[in-house]
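Protein chains: 2
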Amino acid sequence: MVIRPYGYAIWEAIQDYLNVKFKETGHSNMYFPQFIPYSFIEKEASHVEGFSPELALVTIGGGKELEEKLVVRPTSETIVNHMFTKWIQSYRDLPLMINQWANVTRWEMRTKPFIRTLEFLWQEGHTAHATLEEAEKEAMQMIDVYTKFAYEQAAIPVIPGRKSRVETFAGANRTYTIEAMMGDRKALQAGTSHNLGQNFSRAFGTQFMDENSQIEHVWQTSWAISTRFVGGIIMTHGDDAGLMLPPNIAPIQVVIVPIWKKGDEKSAVMEAVSSVQNTLKEAGIRVKVDDSELRTPGWKFNFYEMKGVPIRLEIGPRDVTNKSVVISRRDIPGKQGKEFGVSMDPSILVDHIKGRLVEIQASLLQKAIAFRDSNIVDVSSYGELKEAIAEGKWARGPWSASDADELKVKEETSATIRCFPFEQPEGAKKCFMTGNPAEEVAIFAKSY
Amino acid sequence: MVIRPYGYAIWEAIQDYLNVKFKETGHSNMYFPQFIPYSFIEKEASHVEGFSPELALVTIGGGKELEEKLVVRPTSETIVNHMFTKWIQSYRDLPLMINQWANVTRWEMRTKPFIRTLEFLWQEGHTAHATLEEAEKEAMQMIDVYTKFAYEQAAIPVIPGRKSRVETFAGANRTYTIEAMMGDRKALQAGTSHNLGQNFSRAFGTQFMDENSQIEHVWQTSWAISTRFVGGIIMTHGDDAGLMLPPNIAPIQVVIVPIWKKGDEKSAVMEAVSSVQNTLKEAGIRVKVDDSELRTPGWKFNFYEMKGVPIRLEIGPRDVTNKSVVISRRDIPGKQGKEFGVSMDPSILVDHIKGRLVEIQASLLQKAIAFRDSNIVDVSSYGELKEAIAEGKWARGPWSASDADELKVKEETSATIRCFPFEQPEGAKKCFMTGNPAEEVAIFAKSY
Chain D
1 MVIRPYGYAI WEAIQDYLNV KFKETGHSNM YFPQFIPYSF IEKEASHVEG
51 FSPELALVTI GGGKELEEKL VVRPTSETIV NHMFTKWIQS YRDLPLMINQ
101 WANVTRWEMR TKPFIRTLEF LWQEGHTAHA TLEEAEKEAM QMIDVYTKFA
151 YEQAAIPVIP GRKSRVETFA GANRTYTIEA MMGDRKALQA GTSHNLGQNF
201 SRAFGTQFMD ENSQIEHVWQ TSWAISTRFV GGIIMTHGDD AGLMLPPNIA
251 PIQVVIVPIW KKGDEKSAVM EAVSSVQNTL KEAGIRVKVD DSELRTPGWK
301 FNFYEMKGVP IRLEIGPRDV TNKSVVISRR DIPGKQGKEF GVSMDPSILV
351 DHIKGRLVEI QASLLQKAIA FRDSNIVDVS SYGELKEAIA EGKWARGPWS
401 ASDADELKVK EETSATIRCF PFEQPEGAKK CFMTGNPAEE VAIFAKSY
Chain V
1 MVIRPYGYAI WEAIQDYLNV KFKETGHSNM YFPQFIPYSF IEKEASHVEG
51 FSPELALVTI GGGKELEEKL VVRPTSETIV NHMFTKWIQS YRDLPLMINQ
101 WANVTRWEMR TKPFIRTLEF LWQEGHTAHA TLEEAEKEAM QMIDVYTKFA
151 YEQAAIPVIP GRKSRVETFA GANRTYTIEA MMGDRKALQA GTSHNLGQNF
201 SRAFGTQFMD ENSQIEHVWQ TSWAISTRFV GGIIMTHGDD AGLMLPPNIA
251 PIQVVIVPIW KKGDEKSAVM EAVSSVQNTL KEAGIRVKVD DSELRTPGWK
301 FNFYEMKGVP IRLEIGPRDV TNKSVVISRR DIPGKQGKEF GVSMDPSILV
351 DHIKGRLVEI QASLLQKAIA FRDSNIVDVS SYGELKEAIA EGKWARGPWS
401 ASDADELKVK EETSATIRCF PFEQPEGAKK CFMTGNPAEE VAIFAKSY
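Those protein sequences? They're chains D and V, same order as listed.
Be aware that the first sequence starts at 1, since it is given in the UniProt record's numbering, and climbs by one per residue.
Be aware that the second sequence starts at 1, since it is given in the UniProt record's numbering, and climbs by one per residue.
Excised from the complex, chain D in its bound form (with noise of 0.2 angstroms):
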């Protein structure tokens, strides 16, 4: 897949803000290489089964047969130990806590833009702690991180939780998860955290000398969020015109357009329209002119409407006069979404955008939350379940069966357990698919 510049900008304004957030949660970027040789792959028994079908192996390098195959990096654990190993010796040096942006390959067969494909940037963090509360907390700190994420930049109210057994990372203990419902209400998968307890410093033997002079394994986590996540915005808020954008992350935030039809209309309205354009700019609002006149103005509406910009000025011969501007939100389509006669005065005009700004983004995530609690039915029986899953909503619902009954489920309905939401109702439960008392419910959903 090629990122193209406008959606790649998307996946900037998600690192712009991750970045800040690992920083203050006490986190380093750095990089290490992506060739994987092929014996480290295997040092983590349930981690080389759950990748190797799905590894690219460099064979040649340098015009050279190679004595051990190459893994082009699926994820960076086991290259993240052997270094950790190295440099970890004492209680002093934890937690050790990194980050790295990267590309990451996947031999995907079927791949679809962005959600799945061969080749993806993410970011992986990676953490080695001292003992297992504080992997804990880190794991549910960085899930806290992409929740929060999800909400206030995105508008993606996503369901954050524990995944099943079944669903696990391959070396991981414990695999925490914010699930995104996409508008087909298929669920997204839109970032995971692992508690990798001493999973792998027991494979690469990565120890550290605690204070009482005792050598112990560490204990680990990672995280990470995807271009894939580009993908769960653009399923989540488009509609039949195409894309819509939250403000948070639009690359654009205001379009201006200028429209005038005779020659010496021109220069008066693209007098005004750079003042209004510098105005927005100077204020912080990301704002873009189409000036163009290989196009018509009615072609530049549908095109911006298509890329999700949240907010279109235009400005005319008449608004010069009157000295104000016509507003249109991307989010209320036709008359009621637009706005005649807001005055061009700098000191009106950017509160008054800014206030429009807040108010989309606040109800694109309020849309989306609706939507998304309208199509999840609660479940007390299996029968109820295929139901709901048939008419392709979520099903919630106590769970307490087996991996083996998962799997039924899965291969039954095309619906797998999700996440165990973090928010659980109160009170006994019983499981919907044996009878048995259930800790917790599950929600199963068709994902991607």
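If you are wondering where the hints come from, they were derived from the structure by calculation, not from laboratory data.
There's no promise every hint is true.
For chains that are exact copies, the list does not tell them apart, and a pair is met inside one copy or across any two.
[Unchecked claim] Listed below are the simulated BS3-like cross-link pairs for lysine-lysine, each with C-alpha atoms no more than 25 angstroms apart in a straight line:
#  : residue 1 : residue 2
1  : K262      : K288
2  : K148      : K429
3  : K446      : K43
4  : K186      : K300
5  : K307      : K86
6  : K300      : K262
7  : K86       : K112
8  : K69       : K112
9  : K86       : K300
10 : K288      : K21
11 : K354      : K281
12 : K23       : K307
13 : K410      : K386
14 : K288      : K338
15 : K262      : K408
16 : K335      : K354
17 : K112      : K64
18 : K446      : K410
19 : K300      : K23
20 : K367      : K281
21 : K23       : K137
Please build the complex by placing chain V on the supplied structure of chain D, with the hints as guidance.
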């Protein structure tokens, strides 16, 4: 090579600066796949000849032998042109100006950290234009962006110029370069910008219809700076005590070392330290406090000297009483670089520190310029060149000899033409090798 956090932070500083400049000059970031079908690489004859000895090849994917080998990108001209051919139809689609931040792989047998590594990080710009003149202007503009960056941010007085035909990029008509003199007086090619002419557009059929409805091949450029530049910074400014980082790109500009002996001194010192830290941080200075009790102040002094932090502040009990700090400059060793009794008052301290950072930045550049200029010898015979190179210096002299002569110099002295500098002496010149008239002087040096 693993890039650890401190080195990576220097790379991030390079990215932050260049990213802004690239966008200001009209480029958008995007991302191309890193696996390139082998047949793409073969399309441009000199390109495949230049790169085929250093390719890494993926031959197995998802457990199966691939029908066509995939090249792990050594550079992206071929896949970029494959896509440009789809995107460009008309002069309205031009200029097309993009950049990507990515990893690249070149199978190197003799590696050196940052300078020559099997995998490295870089940015690669790729542009397509309607005319040769536009492409030439773009290639020159970007080498100029690199030159300014080197001087103003990295304090490296690079010499910009044109590569000889022998040293031109495989597939380019012209390669512009910035050449830096390292502390050991070897040359480092620190960035390049290529005028690709129509070489790739002819190989890939990248055509457009011009304003007169004629079909033409596009004119192209590409340009890159890599993590090698981090090595350049280290090897330009370091001394026996370690690194010496220019303030503009130093991850830590000021380190504060608290000093106390008795237990009851600690709280007053730490209160002052914390207040100074906040003052500097709010002023936009990158400041770090090292309050670890596991290390002595003396150990910390050495450590941050080694790390090349431009300014160290010491704050002890007497400083707290006097409401002052002790300042040490990394670029002036010993007592000369120390200032006592500088007021802690924010209104004084911030300006004082900012002033010192500007001075250090300028002083590192001046020192590097003096070093460079005292190590370039003007030569008027091959004997003089041999002598200069044998002394480890750079030789500059008029050159209009053949490619064969250039290769002979390389074989006999290990020196190559680093560039024909843009800045040329006036007046008639005679080639120091052949005695024939020469239009330009060339700079010869041993290089990394």
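**Item:** Violations among the numbered hints, reported as their numbers in ascending order
**Value:** 2, 3, 4, 15, 20
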